[in-house]
Amino acid sequence: MSVDQILILGVNHKTAPVAVREKLSFPDIEVPLAMLGEVPGCQEYCFLSTCNRVEVIFTSPTPEKTVRHIRSFLFAASDLAEEEAIAYTYLHQGTEAISHLYRVAASLDSMVVGEPQILGQLKNAYREASERNCTGIILNRLIHKAFSAAKRVRSETNIGSAAVSISFAAVQLAKKIFGDLKNKKVLLAGAGEMAELAAEHLVSQGCTEVIVANRTLENAIKLATRFKGTAVSLAELHEQLKVADIMVSSTGAPGLILRKEDLLPLMRSRRNRPLFFIDIAVPRDLDPEINTIDNVYLYDVDDLSQVVEVNKSGRTTEAAKAERLVLDEALKFLGWMGNMALAPTIADLRKKAEEIRQAEMAKTLAYVDLSAQEIQAIDKLTSSIINKIMLNPILHLKEECHQDTKQLKLDMIRRFFDLDPRG
Amino acid sequence: MLFNGTYILYAMAAILYQVFFFSQNSKVRPVARHFLLAAGILHTITLVARYFAAGHTPLTTHHDTVSFFAWSVTWAFLSFRWRYQIKNFGTFVSLVILALITIALFSSQAINVLPPALQSLWLPIHASIAIAANGFLALGFCGGIMYLLQERELKKKRFGLFYHRLPSLEALDNLSQHCLTIGFPLLTLGIMTGSLWAKQAWGAYWQWDPKETWSLITWLLYAGLLHQRFAIGWRGRRTAIMSVIGFAAVLFTLWGVNFLLSGAHTYVR
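As given, the protein sequences belong to chains D and Z, one line each in that order. Read in order, the letters of the first sequence correspond to residues 38 to 460 in our numbering. Read in order, the letters of the second sequence correspond to residues 1288 to 1556 in our numbering.
Extracted from the complex, chain D is given alone in its bound form:
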């Protein structure tokens, strides 16, 4: 099988705006997997859908035709014309597809580079696909290797820990103020997307309790359930500030919702425990003056981007390192793909047998004293033994059969004789 039969077709935050991505939402993964099974030429496939991307990873002997089908399936629910659909999607083939998948798994393609959720989402997508036998030898190995590439990137670079986005900057600052975020309480004022993302990161770093205060209680409850937190109305904000440690404010209020005068008495009843405010609302929700109170730290969006800038120099070198690792892993996979064909497998098989024969011969000849003639006889004997043993596996490999079966046979033989280096 040629590498060019591996493809990825998808839409992500870079190629399509939210308005378009919304139309491609597939809440239930079973439906798209069943539909993809019907697509002509689509042999192995996996369907990945997150809030920032929808991707189909598949193999096909007739790429062009299959791509057209899959694209029209992806955009079936939208009212977009084919040309528009093409403009919003990306298509990667062969080596590009492999490195794209590895980059996605390693979170290099994420909106928040280095965010850890994507790997879990990909694992889920793969599990769903493999449970329904949608993936085969190629994708099984490709996706497994994507996981190990991601792990390598995470352990060998700092891409995950560097503050690479606003919400990561917020988490990093919170850590400089509170040290450990365990048992810290987060108060979200306003239930916007950014607030949600920031809260997600804070919770993933150990914050235990999330309180959502919102004008419409319904939205507050929705978001609170996501974090197993509590929902309150915006009127209770002051009361909640007595217990919260970090407040992320993103209401659409036209004026300030918290002033210095409001906060001063609260600090007394908090016994001066530090408070960290993140104001991501435009116009601002919080009085800039509150930053002058002792043990109170206020950061707005501009301040946070400044933190990101500070980390940028370190980040670019880490990203370069990560890209190199991904490339390295992609090349390894290409090596395996190259060997997953008849001629290299037969050659590997012969080489393996010959190596065993030579090693065993050397061992034996080391302690028995034989004449040149006798050595020649043993050499001949062992050669014909391994040739006889190898004959049937090789014939079995060469036998004409369906493409899928051929891949299976190659994989089996390679495993039986341990022809692929581990790792």
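Incorrect hints may have been included.
[What the hints assert, rightly or not] Between beta-carbon pairs, the in silico distance windows are:
#	chain 1	residue 1	chain 2	residue 2	range
1	D	K358	Z	S1310	16 to 26 Å
2	D	A56	Z	L1448	42 to 52 Å
3	D	A378	Z	Q1311	23 to 33 Å
4	D	G372	Z	H1451	35 to 45 Å
[To be verified] Okay, derived cross-link-like pairs now, DSBU-like style, lysine-lysine, Cα gap no bigger than 30 Å in a straight line:
#	chain 1	residue 1	chain 2	residue 2
5	Z	K1444	D	K279
6	D	K188	Z	K1374
7	Z	K1443	D	K297
8	Z	K1443	D	K279
9	Z	K1444	D	K212
10	D	K219	Z	K1374
11	Z	K1374	Z	K1314
12	D	K182	D	K222
13	D	K219	Z	K1444
14	D	K358	Z	K1374
15	Z	K1443	D	K212
16	Z	K1314	D	K297
17	D	K219	Z	K1443
18	Z	K1442	D	K212
19	D	K279	Z	K1442
20	D	K222	Z	K1442
21	D	K358	Z	K1314
22	Z	K1314	D	K212
23	Z	K1314	D	K222
24	D	K212	Z	K1374
If you are wondering where the hints come from, they were derived from the structure by calculation, not from laboratory data. Just so we're clear, the structure is a prediction, and the values are computed from it rather than from any experiment. Think of the CB as a built atom: it goes at the ideal place given N, C-alpha and C, for glycine as much as any other residue.
Position chain Z relative to chain D; hints supplied.
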């Protein structure tokens, strides 16, 4: 000889801690720590040797007092650090130690004859407790300085040398609290034992000599700080500033009193 060796080890430790601070090369830190440990051990030997040379607890000359002060900061730090992993704490502490030991290096190392008033078991008890208290208060001072530096960058939102290198504010605040909860009782005990000794030597528990007055002022500063912390929840910047001021009072009690004012303690030079 012993003292000079100790000095070199301290200087090496301090230099290595600074190298680590600026380069953040993690291989340097354990080396710096081992130098400090070696310095601490050699310093202990130096003090024991001095005890035998003098025939009494070597705490009655300026050199001995400051040297013991440096020793107590070192061991307060070394015994502390296993429990509180404060990033780059050693950088600051090693500078304080180096400053103290340098002062000791330049003061007269002659052994003095003990005046009769000081010939008592109270000498080692009072002086060592008081100086051990200073050791922990010095750590609190370093914590306070670090807190103020880190807090400044966080408030001004200008992230320079310290933001990445210093630990979190909470950790630094906890550190100074821990230092105080050890240092303050020791300070109290130091003053009490001093008072008992005064009764024995001069017949009065308290005679308002400048050293006593300044110890009391220092004690009141720290007592006020602790009271505010526990009663109304003072923390962060205020306590950090207070621990710096408190330590300034400690230093004044140690030197200012000796050089600027005169009184019963003045023969301790």
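Outcome of the hint check:
1. The hinted window of 16 to 26 Å between D:K358 and Z:S1310 holds, with their beta carbons roughly 20 Å apart.
2. With their beta carbons about 45 Å apart, D:A56 and Z:L1448 fall inside the hinted range of 42 to 52 Å.
3. In this structure the supplied range 23 to 33 Å is violated for D:A378 paired with Z:Q1311, their Cβ-Cβ distance being about 49 Å.
4. Distance hint for D:G372 and Z:H1451: a CB-CB separation of about 40 Å, consistent with the stated range 35 to 45 Å.
5. Simply put, Z:K1444 and D:K279 have alpha-carbon atoms about 25 Å apart, close enough for the 30 Å limit, and the pair holds.
6. Taking the CA atoms of D:K188 and Z:K1374, the gap is about 28 Å. The hint holds against a cut of 30 Å.
7. With a CA separation close to 18 Å, the supplied pair Z:K1443 and D:K297 stays within the 30 Å bound.
8. For a cut-off of 30 Å, the pair hint linking Z:K1443 to D:K279 stands: about 25 Å separates their Cα positions.
9. A threshold of 30 Å between alpha carbons decides the hint, and for Z:K1444 with D:K212 the separation of about 15 Å falls inside it, so the pair holds.
10. For the hint pairing D:K219 with Z:K1374, the CA-to-CA distance comes to about 19 Å; that is within 30 Å, so the pair holds.
11. Annotation: proposed proximity of Z:K1374 to Z:K1314 holds, straight-line Cα distance about 14 Å (limit 30 Å).
12. For the given pair, D:K182 sits about 38 Å from D:K222 by alpha-carbon distance, which is inconsistent with the 30 Å threshold.
13. For a cut-off of 30 Å, the pair hint linking D:K219 to Z:K1444 stands: about 24 Å separates their Cα positions.
14. Distance restraint check for D:K358 and Z:K1374: the Cα-Cα separation of roughly 27 Å lies within the 30 Å cut-off, and the hinted pair is therefore satisfied.
15. A threshold of 30 Å between alpha carbons decides the hint, and for Z:K1443 with D:K212 the separation of about 17 Å falls inside it, so the pair holds.
16. Note on Z:K1314 and D:K297: the hinted pairing is violated, with a Cα-Cα distance of about 46 Å set against a maximum of 30 Å.
17. Proposed proximity of D:K219 and Z:K1443 is supported: the alpha carbons are some 26 Å apart, at most 30 Å.
18. At roughly 15 Å between alpha-carbon atoms, Z:K1442 and D:K212 fall within 30 Å of each other, so this suggested pair holds.
19. With a CA separation close to 21 Å, the supplied pair D:K279 and Z:K1442 stays within the 30 Å bound.
20. Our distance criterion of 30 Å between C-alpha atoms is met by D:K222 and Z:K1442, whose separation comes to about 21 Å.
21. For the suggested pair D:K358 and Z:K1314, the alpha carbons sit about 22 Å apart, so the restraint of at most 30 Å is met.
22. Among the hinted pairs, Z:K1314 with D:K212 is consistent with the structure: their alpha-carbon atoms are about 25 Å apart, no more than 30 Å.
23. In summary, the hint linking Z:K1314 to D:K222 is not supported, as the alpha carbons are separated by about 37 Å, beyond the 30 Å threshold.
24. For the hint pairing D:K212 with Z:K1374, the CA-to-CA distance comes to about 13 Å; that is within 30 Å, so the pair holds.
Hint violations for this structure: numbers 3, 12, 16, 23, all remaining hints satisfied.
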